[in-house]
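Each residue of the sequence shown is one higher than the one before, counting from 1 in this note's numbering.
By construction, these hints were calculated from the structure, which means they are not laboratory data. Quantities reported herein were computed from a predicted structural model and do not represent experimental measurements. Worth double-checking, as some hints may not be accurate.
Derived pair list, reagent style DSBU-like, types lysine-lysine, alpha-carbon separation capped at 35 Å [as the list claims (entries may be wrong)]: (1) Lys73 with Lys54; (2) Lys90 with Lys54; (3) Lys111 with Lys38; (4) Lys34 with Lys54; (5) Lys34 with Lys111.
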Amino acid sequence: MKAKKTKVKSKKTVKKARSAASLAASWSAPMGSKARAKAVVSLAKQQVGKAYVKGSKGPNAFDNASLVAYVYKQAAGVNTGSSTKSQVKKGIAVDPSSGFVEGDLLFWGSKNKPYNVAIYVGDGKYVTAAGDQQGVVQASLSTYFWPSRARRVL
1 MKAKKTKVKS KKTVKKARSA ASLAASWSAP MGSKARAKAV VSLAKQQVGK
51 AYVKGSKGPN AFDNASLVAY VYKQAAGVNT GSSTKSQVKK GIAVDPSSGF
101 VEGDLLFWGS KNKPYNVAIY VGDGKYVTAA GDQQGVVQAS LSTYFWPSRA
151 RRVL
């Protein structure tokens, strides 16, 4: 009986295979975070003018947390949770004094009791469901009403 010959892969072949595998593993979604952020911003802006209704889940009316949940789920496939308290724990913390990128979540209030959440849409502006009188609006950041914290979800 003859023993089967086994072909031993060279170190170079193994290294190439590992590189290809790591490249494939790093490519996780068909749409990168910048593209998803653009989709989030676009959908958020499309909601401007809709009504504010506390407890509403959209798509015709929102409260501030449901606006964020709806936009992120529809535009990016991301579940942010349905309350500001759950949303303030998502993603990674961003220092509000360091600047924001499109798609960042902005919060007002304390970490344990945030009372408002908004989506940063670029150029110093954000979209939020502001209340009964205003509905969903696009507003400008101001030093008077600067967010107390921010999270990067994408």
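Query raised in the report: Are there hints from earlier that the structure breaks, and if so, what are their numbers?
Result: none
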